[in-house]
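Q: Use the sequences and the hints to build the structure in full.
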Amino acid sequence: MRERLAVTGVGLVSSLGGDVESTFRALCAGERGFGPVTAFDVTGHRCSLAAEVKLALCEDEPELARTERLAWAAARQALAQADLPEGCRLGVVVGTTTGQMLEAEFALLGEGGDEAGGDQLVRHPLQSTADRLAARVTSIVARETLCSACSSGAAAITLGAAWLRAGRVDAVLVGGADALCRMTFTGFGALGALSTSDCRPFDATRSGLLLGEGAGFLVLERESQLASRRRAVRGWLLGEALGAEAHHLTHPEPSGEPSARLIERALELAGQPASAVDYVNLHGTGTQANDAMETLAMHRVFGSAASAPFVSSSKGQLGHTLGAAGAIEAIITLEALRSGQLPPTGGLTTIAEDGQLRHILGVAQPAAARVALSTSFGFGGAGAVLVFGREDADAPATVASPLPSPSTALPAVTAALVVTAAVAVTTTGRHQDAALAKLLASTRAHPDADASSVQVDPLSLLDPERSRRFDRFTAYVAAGIDALLSESGLAGPGVGLCLSSAYGNVARTVDFLSRAAKRGPRMANPAEFPHLVPSAGAANGSLYGLLTGPVVNVFDATLGGHAALAVGLELLIAEQASAVIVGASEACDSHLVRCIDDLSAWPSSPSDRVGEGTALLLLEPAAAAAARGQAVLAHCLWQGLARSGASLGELPAPVGDCCSLAAGPGFEPLPGELGSWSAVPQVTLNASVGWQAGRGAFALAAAVGLLQLGPTQRVLVWDRRDGWLRAAVFAAPGCPSPSVDE
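Each residue of the sequence shown is one higher than the last, beginning at 1 in this note's numbering.
Derived by calculation from the structure, the hints in this document are not laboratory data.
Hints should not be assumed to be uniformly reliable.
To be verified - Taking CB as the label site, the calculated pair distances span:
(1) Ser224 to Glu668: 40 to 46 Å
(2) Ser255 to Thr349: 23 to 29 Å
(3) Val632 to Asp657: 36 to 42 Å
From a predicted model like this one, the values you see are computed outputs, not experimental measurements.
Beta carbons: idealized from backbone N, C-alpha and C, even for Gly.
A: Now the structure itself:
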């Protein structure tokens with residue numbers, strides 16, 4: 001069994017209260033947080049109700065966007081409760097679906113509904129919540145932002161747990177936050193998913209979901225380091241599992257089999273039999289398809305004992321809080337174990353024929369539950385399951401660690417994880433193997449390498465029947481995944497995807513919002529909305545490639561390619577996938593180009609132009625590649641993150657013929673940042689790549705290409721943004737054993 005993780009702090013802001021205690025008390029009493037929407041004008045919408053947070057519950061900080069205010073209020077509570085010691089290395093992972101979309105909409109559409117331009121979409125990127133937290137909490141040494149739609153909060157908890165178990169940090173602040181916004185309110189309405197009157201999960205008369213907003217954060221620490229702290233434990237995180245269905249962008253796989261497999265995997269990693277589960281906080285949206293699927297999944301897992309564990313859904317009282325839901329419901333699950341009071345499902349009075357589980361109706365059910373599950377399922381079938389134990393639960397008999405981590409926090413580096421395929425898809429087509437270096441890197445051996453002038457539409461590389469609604473951004477993702485799987489000989493089942501995109505489909509989003517503003521929300525195109533959610537690129541890619549491992553979008557602007565690599569490595573180490581595709585995709589979006597132009601954010605050099613495309617790597621354990629006879633392109637020696645100006649720590653030393661590859665033109669390391677790598681030759685991305693936020697992923701692919709060309713033995717790839725530095729080291733197969741740069 002793996003080491004269990006202690007929950008030492010929790011914080012929550014919801015429509016029912018400004019903290020955990022008030023929210024949980026209201027839940028147990030059967031109170032419901034729905035009312036008329038006041039955050040924006042809902043005139044003309046089919047639905048006018050939502051579970052809105054009273055912002056008076058948060059401190060009035062005008063410089064923060066609404067989602068950021070919710071996140072900071074909940075995070076501050078969790079940190080105060082945990083009372084972490086001086087010098088604690090803290091990591092933060094934020095899950096979100098809408099981010100700062102509300103503020104972008106007000107600026108974009110104006111109070112009169114006239115289009116003002118898309119620059120505010122650029123000014124409010126998804127990663128800004130994590131950036132805000134990192135700016136306010138100086139002990140934060142690592143931060144990530146994830147989106148897997150409605151499972152984002154639970155995915156953030158899973159990544160934070162992986163960091164802890166790998167020894168990368170001493171504690172993590174993990175959770176999710178989302179505010180109401182017009183895009184999701186209009187989009188879910190267009191899909192016909194919103195109820196016009198009430199949200200009644202698992203009820204025979206259920207008619208849809210109601211949206212909500214809020215934030216939930218947890219502080220997690222390893223049990224092995226807790227004895228010296230003498231802190232009260234609110235519960236234990238025993239296991240977690242992420243996975244995708246590869247079925248449909250909006251509809252769950254109806255049999256419940258993929259969800260059942262995910263529950264069984266989480267229980268396996270937790271070392272708990274299904275018979276040990278006393279309570280399940282179900283995703284329970286109140287839609288016909290989701291509730292029916294979850295019921296079947298429960299029967300698949302528990303069999304004839306499916307009516308043994310108590311079950312309930314919090315969305316009948318708090319609404320569907322999207323990216324925050326997985327974290328908020330994880331906290332509710334913990335409080336249910338801790339208090340001995342299991343909350344009911346609000347609105348449920350007549351259990352549907354397909355819902356014969358042990359539902360809790362009306363008010364809380366007293367029960368001394370010891371083990372509980374919290375389930376989350378999002379667009380594209382991105383699911384997450386968390387297993388929690390009560391604070392007095394017995395410790396596991398043994399503690400074992402999975403693969404060692406290529407992390408700055410460890411005393412040594414490892415080559416246990418390898419790259420077995422790499423691809424770049426640009427306007428000139430697909431490029432693989434050593435051709436990557438010739439295309440992407442201005443190297444010592446190939447200073448005049450440049451791209452062909454032939455222009456290729458990425459949609460032409462795909463099966464037209466399976467890509468009918470794809471835009472160029474999504475087409476690049478799918479084409480890259482298709483090429484990687486073909487080159488590696490792998491099939492999609494068990495393979496995960498960590499994809500970075502800085503802004504997603506800006507033009508498509510602007511068109512959707514403008515149409516709804518000008519013609520009325522009921523004229524919004526229901527087929528468009530699922531493609532505008534920030535995780536849509538990864539979700540569509542997983543559907544095209546039939547990927548069933550963890551599927552998440554990672555957000556860190558121009559450092560996104562490095563962030564995707566880091567998250568992919570951690571998920572492999574945590575045994576969440578058999579292999580992971582990592583990288584970035586960007587399309588030359590007309591609105592995006594104009595907005596960044598207006599913001600004067602382009603480089604000053606006139607030779608730079610806007611680029612587009614995708615660059616992806618396939619990562620897997622070296623043992624798995626060897627077992628199927630797959631050639632190794634590169635060893636992943638190390639990846640790290642640090643605040644700019646600080647040393648990257650235990651960086652593998654340059655050995656033999658080495659170079660460092662800067663993802664941006666004109667980048668120079670600050671003194672001490674790169675250690676002895678500062679003395680090796682530096683190369684940069686070829687100008688043919690163009691200027692784009694996905695440049696980090698192209699640099700990573702170029703590094704793998706350089707190792708194929710030879711004689712280069714090691715490449716350090718690095719980039720910097722807004723006070724943070726990311727770097728990774730790859731080694732050629734057969735390179736001497738890693739050593740650490742002192």
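Q: Which of the numbered hints above does this structure break?
A: 3
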